[in-house]
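K.L.:
So you can see what is in the structure, the chains are spelled out below.
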Amino acid sequence: MAILLIAEHDNSVLKPATLHALTAAQEIGGEIDLLVVGAGCAAAADHASKVAGIRKVLLADHSVYDHEIAENVASLVVDVAHEYDYLIAPAVSNAKNFMPRVAALLDVGQISDVIKVESADTFQRPIYAGNAIATVQSLDPVKVLTIRATGFDAAPADGGSASIQILSQLMDSGVSRLVSEEMAVSDRPELTSARVIISGGRGMGDKAHFDMLDKVADKLGAAVGATRAAVDAGFVPNDMQIGQTGKIVAPELYIGVGLSGAIQHLAGMKDSKVIVAINKDEDAPIFQVADYGLVADLFEAVPELEKAL
Amino acid sequence: MKVLVTVKRVIDYNVKVRVNADQTDVDLKNVKMAVNPFCEIAVEQAVRLKEAGKASEIIVVSMGPKAAQEQLRTALAMGADRAIHIESDDALESLTVAKILAKIVADEAPGLVLMGKQSIDTDNNQTGQMLAALTGLAQGTFVSGVEVGENEVQVVREIDGGLQTLALKLPAVLTVDLRLNEPRYASLPNIMKAKKKPLDVKTPADYGVEVKANTRLLKVTPPPERQAGIKVASVAELVDKLKNEAKVI
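Top line first, the protein sequences correspond to chains A and B. Anchor point for the first sequence: position 18 equals 23 in the working numbering, and the numbering is continuous, going up by one each time. Anchor point for the second sequence: position 176 equals 179 in the working numbering, and the numbering is continuous, going up by one each time.
There could be a bad hint or two in this list.
As the list claims (entries may be wrong) - The calculated DSBU-like cross-link candidates involving lysine-lysine, where the alpha carbons are at most 30 Å apart (straight line), are: (1) 220/A with 222/B; (2) 35/B with 278/A; (3) 198/B with 35/B; (4) 35/B with 212/A; (5) 250/B with 312/A; (6) 198/B with 20/A; (7) 234/B with 278/A; (8) 234/B with 285/A; (9) 35/B with 312/A; (10) 198/B with 285/A; (11) 278/A with 198/B; (12) 246/B with 224/A.
In case anyone wonders, no lab produced these hints; they're calculated from the structure.
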């Protein structure tokens, strides 16, 4: 069996989501090739070539693939798909954008957000915001899967020496053009790969109060997240949102501050190893999943926590 | 320009979902059903485009059992002009839905297709992308801003790490994110009017699309339960537990 894993990268290195998806691919078993597609991404392909367990790296490096425009990336993947039994990508916003196109163009279904490999054709995935787990068998000859990073450990990023094969085919649909991109700039770790996350909800009360979480985050080397309620209230931008429609995280330590624990939010963080909740409402549902609950006014507890660290 | 909008009938997002006794699915008996929240945002956007003079007619489509007509009536009450119901008691998977929609797109030639980015039941996040691929129309997913121009639509997309603005050639398929707008409530007079708006009932076979299963659902189980832990009395105790018991800081 041959598997093509489509890498998530930042042009210089593979992002951790790729290594989590690689573990899923290894559980399925077979020869695994890694596709690095983008513009100016040769360094990421070099990184990919050093990952253990990769047969070869395919590199498509051209301006038509800049920002991984869905139409163009999907066409490229379809063009090389005939050599593979599985097309796999981490469930990040790029792959969520182009993978269903790949499936449709190959006339097969896609199994999204795989959290467990049961066998070569049977997978578990969460449905209803993680309130149920579906075990799904693929009936398609080619399996198109996206992998939820929190379901699998990261594979080692070194120990390999795969060759890099350059793909020269250029796929340009011409229907989509990038106008601009506004990316959040932060020295902190990314939410989806952070070891510690501190997250605020509606109870934070104001944009400025997130400074308190920033200070704790600085001491813990943590990422800062938020609930949808906090995003909707305009406290923080949407890329900080954790939950059913935001990011799915599973850090070692998750500290939820002034958030009630709506099911849509729990869907995004309940697989965290240790959960701490700080909330003045002792009936808040977050306490039902928290390992350590502190019923307290966050405006006192959070500065105190910062001092104690 | 015509706008085609899709709506899906799903469990109301406030309902606590439970797995049924034989673990074949979630329990759908006597459960409140509603328009998928993302689809509602798509309908709202279509109505706003019409109010702004950018859209001439809004056609709303739903697929599923007869009861899905309730959700079509909701969309009509919000301001859609006419509805198409693709009646089927089979579970229609994303690819089949996309194939039927592709036929409807060919028939109706909309300038824009507006869809929810995912449904809150299966959480697949696939159908819009599949439709765009099958029709060759430009694709804008996870959209939180829409600006319709002459030959192009500019969309702001919610992506990992920030926002991306794309200019797409029309016609295009857009899938909408939660922050695009806040859907209106239908007024009582509009609910009454919606009952008289045209609603065509079709089947997948009418469009020559075979209902095919790409997957088999073997089992549905509840997620592992997470047990509540302990309450700590102070920040000092919390820090102590994190350092010495959980050993995570």
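K.L.:
Hint by hint, where does the structure go against what was stated? Just the numbers, ascending.
P.N.:
Hint check: 1, 2, 4, 6, 9, 10 and 11 fail, others pass.
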